[in-house]
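We have chain A; now place chain B onto it with these hints.
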Amino acid sequence: MKVSRNWLQSYVNLAGRSSDEISRAITFLGFEVESVHTTGAPALSSVFVGEVLTRDRHPNADKLSVCTVDVGPAHGVKTIVCGAQNYKVGDRVPVALPGAVLPGDFVIKQSKIRGHASDGMMCSGRELGVGEDHSGLLVLSDRPELGRPINEVLPAGDVVFDIEITPNRPDCLSHLGIARELAAWFREPLRYPSVPDEGALFAGAPARPDLLGSVRVDAAEDCPLYQATIITGVRVGPSPAWLQERLTAVGLRPINNVVDVGNFVMLEYGQPLHAFDARKLGGAEIVVRRAAAGESLVTLDTKERALSAETLVIADQQRPVVIAGIMGGSNSGVDESTTDLVLEAAYFRRQGIRATSRRLGLASDSSYRYERGVDPHSLAEASRRAVALILETAGGKVAGPAYRVGGDKPWLREIVVTPAYINERLGFTIPSSDMRSALESLELRIVREDRAEDGGERWTVRVPSWRDDLDRPIDLVEEVLRIFGTERIPATTVTGPGLAEDDDPVVEYQRRALRFLVGQDCHECVNYTLRSATEVAGTASESLAPRLALANPFVEDQSHLRPTLIDGLVETLRLNRARGVSVTRLAEAGRVFRERDGQLLECVAVSFVLAEDPDSRTWLRRSAPDFYAARHLIEAVASFAGLDLARQIRPVAEGDRSWQSGHAASAGDLAHGWSASFGLLNVASLKTRDVTGRVYAGEFVILPANLAAPATRSRYRPFALFPAALRDVALVVEETVPAADVRKAMTKAARAAVGTAFALESMEIFDVYRGEGLPAGHKSLAFSLVFRAEDRTLTDEEVNRVFTAVQDALVSGHGYTLRK
Amino acid sequence: MESLLSALQEKAQADLAAIRTRPELEAAKARLVGPNGELTALMKQMGSVPKEQRPALGKRINEAKALVQALLDAALQRVVDGEIAAQVGPAIDVSLPSPDAGPGTFHPLTQVREEMCRILRKVGFTVADGPEVETEYYCFDALNTPADHPARDAQDTFYLPRDAAFANVSKHRADERYLLRTHTSSVQIRTLLKGPPPIRIVSPGRVYRRDTTDATHSANFHQLECLYVDRNVTVRDLKALLDYIFTSLLGKDTKTRFRPHYFGYTEPSFEVDLSARHLPKVNKEWIEIGGCGMVDPIVLDGVGHDSRVWSGYAFGMGLERLAMLLYGIDDIRYFYQNDLRFLRQFA
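Going down the list, the protein sequences come from chains A and B. Heads up, the first sequence is in the numbering used here, so the first residue is 1 and it goes up one at a time. Heads up, the second sequence is in the numbering used here, so the first residue is 821 and it goes up one at a time.
Same shape as in the complex, but just chain A (with noise of 0.2 Å):
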């Protein structure tokens, strides 16, 4: 909102104040300047009003004129050079003379210009402070008299805060409100327009039912107050100069006396107010209902609007004429013609004013005022206010009836509270009577003092009307500290006893798994969690990829929610190459969403990718990464939250769209809380995708939950300090059968043939061959077998034994050759 520096001046004297000051005040008061504009003339000295009394050539320059100006008998006449055309001899203006400062601090002396001496200078307006207008001298109309300083003459100057009110307090949508603030900071007292009172309006007022005859509210839910005033025998006409400029200084355009009054009240007193011509009234009725299907009103910016049933609209016996509370029709409007007019005030609710302000797409000061809410017990002395500024603007008489339909319950609110209760809130203590003196200056008045339970002072502070934000005691605090001043709120040290408390799991095991995955060179990664509807259907499932939607999304590429941390990596490491930048290894954790029996699952997710640079020249090359080195990565992730994969790995099946099946793998499900997919990404989607070349990656995820459990801590084992016995064995199997089977065979008989005797210490596949002596479609898996004793050294023939009986379990129970 703008307010208006020259307008507060009339409720608060402000003056010298700096601009600065009552910018700082305002902004230590709880709202935001946004811009501080000053306007009009700035205080000039040494600049007078002269007249060019003859004008010639300068002889050493075409474009420059040497004037003679007289300043008037103080300063007698002068010798100016000049630069501007736009001026003829016998103009006057305005001459600043050496020892003036102009804006910018441009100080002014006696010179030489091209050799020819100038004894000062002849201004623009812009060279004065007063406009933009730089295309030539300030050529002054009416004649002023000569030697005048010129801000006798010019217009005075204004400065205009332009201030974000913050939502709680309607209230400062209004010059008054603001004064009230600043009389508050500065201990001014506040001073209120002089109103007449409703007996003084109305003496002798004659009765008009012809021109209204009648009020009716239907929709009284939505408008509990209703007013109407009749004025008779206006002259509708432009608006004496000095309301003119208070609109114009806060950027509204003047359009006449009737409509201007109504604005300036509504930025006085915060209340938006409407005048109708009472002659375009059809049935001199004032209806308040809600609009009939169909019907529609033209409102004063010209357009059409289309009403619903949801509409609250101002009718007379006819049609509607004002789309309440935000626009009013050019059917009924006040013009040059108009000499009846009835003014309204009321009172809509918010939450209406707001639904049909956002269902029209029409905004305005009055919507903006009664959607953050307007004071109804206000409403009266504004009314009175706009007419009693009308019959003086605009001549008339008010006439009869009142109309006041609806009416308000009284307005009585009332806070207990005592100076304790403040002082215990702060943390330090403001003394009562600086509270007493502060509470007051915002026209809460203390009502009752008596005592606490505890013998301390107490307070009964009544609230006024227009402050509907306060209602508890902790409300009186703020206002206390704010007139206070919270820069004055004293410093002290942090304390208070440690809480014994760990972090959430989750933050811990996502910091630990990217502290390993940034450990092994990968640059951690921040993606959007909102994904393209194709992007997201290239990879979840059917069911999953439609849930994911949002319900309103804001941009096409940013609709639904992420099922993988994969797609942002993959995405990034395009960015990264059609950048040029060289990029192998990354990696991200954050949240992704996935499905379980039908519903949705917020699951944490730590992922990364390992690419080759196709691109790569470095004079030294390395072996590219491999599904391997992916599910070394994804095991060592998974091991962070307590999970072993290994027992769990599986291909994925054939055909996955987002893993290159045969070289890809998963393992667990989130039926049971966790999943981990890992390998080489499907190499034909990302090449749709603009990636190239083998990209593996691995994705771990698991429900938070899940990461709650607490760590148990390790139990030592003592270990063997006796030499081990190795023995090696390979084994042809077909190509299909997985290495993980062949393991797991030759642990169960090892570990049956050891008994207790002593112990198989570990077991390695060292070896995996294809080719040349074996059958086709077989492959030979070599293992190294480690035994070991925790008493003795083992003797060959036992381990002999074992080994022996291993080799004859794998042969007659699983069918596997032996490979001499």
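Mixed in with the good hints there might be a few duds.
Said to hold, decoys possible - Over 10 Å on every C-beta distance to chain A, these chain B residues come out as not near it, computed from the model:
hint, residue
1, Ser-823
2, Gln-833
3, Ala-847
4, Thr-860
5, Pro-870
6, His-927
7, Arg-941
8, Ala-985
9, Thr-1074
Unchecked claim - Residues on chain A that point at chain B, a partial pick, calculated with CB under 10 Å:
hint, residue
10, Asp-91
11, Arg-169
12, Gly-427
13, Asp-469
14, Glu-478
15, Arg-511
16, Gly-519
17, Cys-525
18, Gly-568
19, Leu-601
20, Cys-603
Stated by the list, open to error - Where chain A lies over chain B, by a calculated footprint (3+ residues, C-beta under 8 Å):
hint, segment
21, 972-983
22, 1045-1059
23, 1157-1167
The hints are simulated quantities; they were obtained by calculation from the structure and are not laboratory data. Cβ atoms here follow ideal geometry from the backbone N, Cα and C, with glycine treated the same way.
Relative to the frame of chain A, chain B by itself:
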């Protein structure tokens, strides 16, 4: 004898100097000092030397033996050196760069978040977490946001379809809609509902606003909020926390100030400005950095903690905004593009 010894010494010197491999060395060793070696043979002749010559000759033989042993040791050293040299290869150019990409980097948002969490941990705040998909209750109702508040409007908040069902995001009321949380304050509510104060948490996390993406706006961004609820928590304590946070982050000469403001879930409410030296690309004395206030009694009572007993404060700020201030970044979109030339700058 003497001439034999001299000849042997000379020959040994010449032969051993040429030795490069272990087999050659072993052979030479056997030839000289082995049981059938030349020196051994000479030593065996000691018995046939006249008695009076023996001490002199013995001395001479010992000299020869020591010399041969020294030659053998030297040859062994050369062989070992040779083997190691073969193993390690020729000297490399240490000035060549490593071909390995790296090191890995943490995203600047993670770094800023973790730095804030470390600072807050020192004064007893632990990190709390909550879902990004939320319900109207946790995101709005419990935080005293009226049903017709513009922030709840479908124009500003992302909603999920009415029939969306989340198995692991609990609803407070059956008829609530799911939405994407617009602030991490929903974590405060979930934490407050878990148990009685004292509570001292920091909740960093991702939030969503239905907003045009530009240099300063993003459909998702990150916030960090602190909540402290205990007996007798005051405005002054809140100011002390903010002073502590920003002097820890930006140095002792950093100042903060409160401007009264309005938030539905705090009373009184403030906006927080900070003033610090050496912030890149900042040419104003005071920069707005976050919002805070004393938890509104309605919020505490609403989650079942008697506001006559408990009081608290809350503070929240945008992590992108903080990171932009700290590092002098002028476009929020860079955080989400992950251009490595960007990410590597914060290693």
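No chain A beta carbon within 10 Å of Thr-1074 of chain B's: Non-interface label stands for Thr-1074 of chain B: nearest chain A Cβ at 12 Å, farther than 10 Å.
Verdict on Ala-847 of chain B as a residue remote from chain A, using beta-carbon distances over 10 Å: Holds: least Cβ distance 34 Å, greater than 10 Å.
Chain B contact restraint on Asp-91 of chain A - CB to CB distance below 10 Å: Check failed: Cβ of Asp-91 of chain A comes no nearer than 43 Å to chain B, outside 10 Å.
Agreement of hint Gly-568 of chain A with chain B interface, Cβ distance less than 10 Å: holds, 8 Å
Status of the Arg-169 of chain A interface restraint (C-beta, 10 Å, chain B): Status holds, d = 7 Å.
Assertion that chain A covers the segment 972-983 of chain B - criterion: three or more residues, beta-carbon distance below 8 Å: Satisfied; 6 residues make the cut.
Least C-beta distance from Ser-823 of chain B to chain A larger than 10 Å: The claim stands: Ser-823 of chain B keeps its Cβ more than 10 Å from every Cβ of chain A (closest is about 55 Å).
Non-interface label on Gln-833 of chain B, tested against every C-beta of chain A at 10 Å: Since the minimum Cβ distance to chain A is about 44 Å, Gln-833 of chain B lies beyond 10 Å and the statement holds.
Non-interface claim for Arg-941 of chain B, where every Cβ of chain A lies beyond 10 Å: violated, 8 Å
Beyond 10 Å from every chain A Cβ - status for Ala-985 of chain B: violated, 5 Å
Whether Thr-860 of chain B stays farther than 10 Å from all C-beta atoms of chain A, as the label says: holds, 39 Å
Claimed clearance of chain A by His-927 of chain B, with the beta carbon kept past 10 Å: It is violated; His-927 of chain B is separated from chain A by about 4 Å at its closest Cβ, not greater than 10 Å.
In summary, the structure is inconsistent with hints 6, 7, 8, 10 from the numbered list given earlier, while agreeing with the others.
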